[in-house]
Amino acid sequence: MIKVNNLTKKFGQNISLNNVSCEFKKNDYIALMGANGAGKTTLIRSILGYYHPDEGNVLIDGLDPIKQRVEVLTNISFVPQLPPPIKLSIEELMNYVSISSGIDKDLIKHYSNEMKLDINANMNKSFFKLSGGMKQKLLIAISLAKKSGIIIYDEPTANLDPKARDDFYRLLKQNEEDKVLLFVTHRLEEVEELVNRQIYMDLGTITSDERVS
Amino acid sequence: MKNLYLIAYLDLKESMRAKWFLVYSLVFGGLIALFFIAGVTESQVMGFSGLSRLLLMYIQITIVILPIFILITTVRSISGDRDNHILEYMLSFAISLRQYYWGKIIGRFVTVYMPVFLAMVIAIVYGWAIGAAIPWGIFFLYTGLLFSLSSAFLGIAFFISSFVKSSEVALGVAFFIWIFLLAFIDIALISLMMQNRFSEELIITLALLNPMEIFRIAAISLFDPELTVMGPVAFTILDTMSQMKFVLLSIGYPIVLGLAFAYAGFSIFKKKDLV
Ligand SMILES: Nc1ncnc2c1ncn2[C@@H]1O[C@H](COP(=O)(O)OP(=O)(O)OP(=O)(O)O)[C@@H](O)[C@H]1O
Ligand SMILES: [Mg+2]
Chain A
1 MIKVNNLTKK FGQNISLNNV SCEFKKNDYI ALMGANGAGK TTLIRSILGY YHPDEGNVLI
61 DGLDPIKQRV EVLTNISFVP QLPPPIKLSI EELMNYVSIS SGIDKDLIKH YSNEMKLDIN
121 ANMNKSFFKL SGGMKQKLLI AISLAKKSGI IIYDEPTANL DPKARDDFYR LLKQNEEDKV
181 LLFVTHRLEE VEELVNRQIY MDLGTITSDE RVS
Chain B
1001 MKNLYLIAYL DLKESMRAKW FLVYSLVFGG LIALFFIAGV TESQVMGFSG LSRLLLMYIQ
1061 ITIVILPIFI LITTVRSISG DRDNHILEYM LSFAISLRQY YWGKIIGRFV TVYMPVFLAM
1121 VIAIVYGWAI GAAIPWGIFF LYTGLLFSLS SAFLGIAFFI SSFVKSSEVA LGVAFFIWIF
1181 LLAFIDIALI SLMMQNRFSE ELIITLALLN PMEIFRIAAI SLFDPELTVM GPVAFTILDT
1241 MSQMKFVLLS IGYPIVLGLA FAYAGFSIFK KKDLV
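Note that the protein sequences, when read in sequence, are chains A and B.
Okay, so the first sequence: first residue is 1 according to this note's numbering, each after it adds one.
Okay, so the second sequence: first residue is 1001 according to this note's numbering, each after it adds one.
Just so you know, these hints were derived from the structure itself, not from any lab.
Be a bit skeptical, because a hint or two may be false.
Stated by the list, open to error - With a straight-line Cα cutoff of 20 Å, these simulated PhoX-like cross-link-like pairs (lysine-lysine) come out:
{"hint": "1", "chain 1": "A", "residue 1": "Lys3", "chain 2": "A", "residue 2": "Lys179"}
{"hint": "2", "chain 1": "B", "residue 1": "Lys1271", "chain 2": "A", "residue 2": "Lys10"}
{"hint": "3", "chain 1": "A", "residue 1": "Lys10", "chain 2": "B", "residue 2": "Lys1272"}
{"hint": "4", "chain 1": "B", "residue 1": "Lys1270", "chain 2": "A", "residue 2": "Lys67"}
{"hint": "5", "chain 1": "A", "residue 1": "Lys26", "chain 2": "A", "residue 2": "Lys147"}
{"hint": "6", "chain 1": "B", "residue 1": "Lys1013", "chain 2": "A", "residue 2": "Lys87"}
{"hint": "7", "chain 1": "A", "residue 1": "Lys67", "chain 2": "B", "residue 2": "Lys1271"}
{"hint": "8", "chain 1": "A", "residue 1": "Lys109", "chain 2": "A", "residue 2": "Lys129"}
{"hint": "9", "chain 1": "A", "residue 1": "Lys129", "chain 2": "B", "residue 2": "Lys1013"}
{"hint": "10", "chain 1": "A", "residue 1": "Lys105", "chain 2": "A", "residue 2": "Lys116"}
{"hint": "11", "chain 1": "A", "residue 1": "Lys10", "chain 2": "B", "residue 2": "Lys1270"}
{"hint": "12", "chain 1": "B", "residue 1": "Lys1165", "chain 2": "A", "residue 2": "Lys10"}
{"hint": "13", "chain 1": "B", "residue 1": "Lys1272", "chain 2": "A", "residue 2": "Lys67"}
{"hint": "14", "chain 1": "A", "residue 1": "Lys125", "chain 2": "B", "residue 2": "Lys1019"}
In this text, all values refer to a predicted model and were calculated from it rather than measured experimentally.
Bound-form chain B, shown alone (with noise of 0.2 Å):
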């Protein structure tokens, strides 16, 4: 356990060194910033819905760009340690890979959330400091919808870092996946769906398959089912779905895929050579 947590430490300690760290906490914290300075200059109504539609803007930005940042910055950390023959030292020191592989994983997944979350925990604070109504229910279901979005893009990455040859295949890797599951899904499954020749289950299920929709339709469900944004599967879902299910669903999915995931890559990792 204790090889774990100085894994995890010391991968944390040094991501937070680096400039992609500085990059990322910048961009989370500065959306924050950047959304009460707009909101700041029409705000003589920053009341309760002032508060939450800055979340909700907060947590639409974030959906679409926090799994790139988690898929680039994390994709390398072992296909780039093994490249540049970091791996053949570390690992001739007696730590058992499943502690090196999931120490990894820790020290990375404290790295990504930790931004994010405090993020959040800024823009409630100050929105309390203005006098802003706090809304509990939209602040919980985000943190714990970017915990499960991390853990999903974490596992992925961790995946894909563990059998790519090198770490430029690796970042073409997850660019892919990506685009592939924020933008073609989508696209594919509209056109399904207006070609009326599948079931509406067989498409929602395939939406809900993938994370990022679910994200999406998460974050929204707290909100009036009725909103033109949510689009047609969307709607369809919170129709057919309790929001309570819906929501659980949205966090315990993409978590189990997100270990499923990581467990898949830690395997690949034990059964190749290490260099």
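Same shape as in the complex, but just chain A (with noise of 0.2 Å):
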């Protein structure tokens, strides 16, 4: 589903990504790891089709993300490393993400629910002015409530208590099935049970990838 071809992406001087290759298929559950500054983020980024490669490409399901980035948007659900502080009321943030992306609402409520987040409590607030964990959990619900075959997490877990961490892993060992799920995480026994694949990268490098059971 997802094929990064030779993707080099360079900042300046800095080389981000150097000629990484790499091929995600249905049914592939991978930790992404490395440390900080490795490439990790950047590599998600283009597959978004945020980032214009200097060398390679990435296909997902043979479109380029950048100029059918519709078409391939509409089958990923991603959470950011950061929650951005977003303006909008959670109302008008839930109206963005159905209308946009067609998302059952009813569904955002139920994962948030599922989660431990009273949505309707919060309605009106301001996305920003939710707690850390509160945020990053309506993100959590959002992308699972929109089911894509994609799941692109950049370390969704930092601000989430240990009882919310586990309500998420049950939620995504439920909806991972038949999907690919691109996790990238700094704490891979928190994961372990997820996935069937890990990746680590150094310097903009995949340095091993390998298949678990």
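Assembly of the complex is requested from the two constituent chains, each provided in isolation within its own frame, with the hints serving as guidance.
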């Protein structure tokens, strides 16, 4: 489903991705690891079509995520490394995602409840006024409600309390069937149960890529 | 299309909650109120000339402060969202860049145009209530001028926003452009004129390229062309061009200018890394 071909991305002199090639298929549940600055976020953003590569390309189901971004993104759920300070209220944010991507609002509420986030009590609150963990819970709920074939998480658990993490992993386990799950993490032991493939990056290259069961 | 309106609508709602919008509306509404309070004190003669004079004063101040308001509040809209990672999340949904960009522009346009427009409506309604004659010609000319003034500077602001690296730089650039159009061009043109080395047509053409100059002249064009406040450039222009032609130019050209800048901004936005 995702094919990365000889991808190189530079920022000035800094080479963030150096000739990276890899392929992710349906039912690949990948833990993407590596030191800070290894290029994990850069790889993810390239898959989402945010960066124009210096060399190489990314294809998602054969489509270019830059030129055909709408088709590609329809099928991707994404939670970023840092929850952004979005000024929309929860209600407006939910309208945004449901109108633009056809996400069912009741489903968002369902997954929020599963994560112990009471959305109804916060409908008119600005998103950025939620606590760090609450923001992440909502973004996770939206990502699950989107029902995409590709789920990309860039360290989504940083602000979650242990209970919420368990809820999250349980939900993910229930939802990963027949999908691609790309999960950036620094704590492999937490996601070991979920993944069947481990990729390590360093200095912009993939240093190891192994299947585990 | 629905995504375009969605983006515009959400941007509008977000702006209307922002503090800058409150200040912005208070400034223009307050300006009108202030004129009335000041005018009312000497207002046995609040006839035709009273309300027209008020609108003239309003638009002359607005021409100076509206551009800087638009520039500083808008120039950060895309670059700011990029800086604090809002773009990274919002653009992970199935929204085309075209819808996102033009939706933002439409939302911002309504945000900046509405208060200045409503302030004039209030002036008209209040003037009518106290029995003054309504100068409709001036009212329609000024709503048109403010419309195209807003378009021009909104386009410029989005253009800047699309390529600057950080919002601080964006602010600096915006301020420079404002000062440049407001003062430096005039000073430069006057000195050129005094040197007498260039033809008058050339200088007038240069002056007309500046949207702020056009607005200044158009705003007073309905009044007596002998008015001394106009300055030499304005006088010559109104002398050589028919008033109708000039009014159309003064409304059409800045809109085209704004659209051109906005479109250039879009091309850059599309070609650059999004985050
Ligand atoms: N927009 C950018 N401009 C300049 N340099 C960048 C940019 N984004 C990333 N980099 C550089 O690219 C390299 C890889 O960064 P990246 O964010 O991909 O690392 P990461 O693996 O996600 O690290 P972390 O674990 O800390 O999140 C770093 O050296 C970083 O400084
Ligand atoms: Mg990262």
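Checked hints:
For the proposed pair Lys3(A) and Lys179(A), the alpha carbon gap of about 15 Å is at most 20 Å, so the pair holds. Among the hinted pairs, Lys1271(B) with Lys10(A) is consistent with the structure: their alpha-carbon atoms are about 16 Å apart, no more than 20 Å. Taking the CA atoms of Lys10(A) and Lys1272(B), the gap is near 13 Å; set against the 20 Å cutoff, the hint holds. A distance of roughly 10 Å separates the Cα atoms of Lys1270(B) and Lys67(A); the hinted pair therefore holds under the 20 Å criterion.
Of the supplied pair hints, the one linking Lys26(A) and Lys147(A) holds, its CA atoms being roughly 14 Å apart against a limit of 20 Å. Our distance criterion of 20 Å between C-alpha atoms is met by Lys1013(B) and Lys87(A), whose separation comes to about 10 Å. Proposed proximity of Lys67(A) and Lys1271(B) is supported: the alpha carbons are some 11 Å apart, at most 20 Å. Between Lys109(A) and Lys129(A) the CA atoms are separated by roughly 19 Å; this keeps the pair inside 20 Å, and the hint holds.
Proximity of Lys129(A) to Lys1013(B) is assessed by CA-CA distance (about 17 Å); at most 20 Å being required, the pair is judged to hold. Between Lys105(A) and Lys116(A) the CA atoms are separated by roughly 16 Å; this keeps the pair inside 20 Å, and the hint holds. Note on Lys10(A) and Lys1270(B): the hinted pairing holds, with a Cα-Cα distance of about 18 Å set against a maximum of 20 Å. This hinted pair checks out: Lys1165(B) and Lys10(A) have alpha carbons roughly 16 Å apart, not beyond 20 Å.
A C-alpha spacing of about 13 Å is found between Lys1272(B) and Lys67(A), which places the hinted pair at or below 20 Å, so the restraint holds. Simply put, Lys125(A) and Lys1019(B) have alpha-carbon atoms about 16 Å apart, close enough for the 20 Å limit, and the pair holds.
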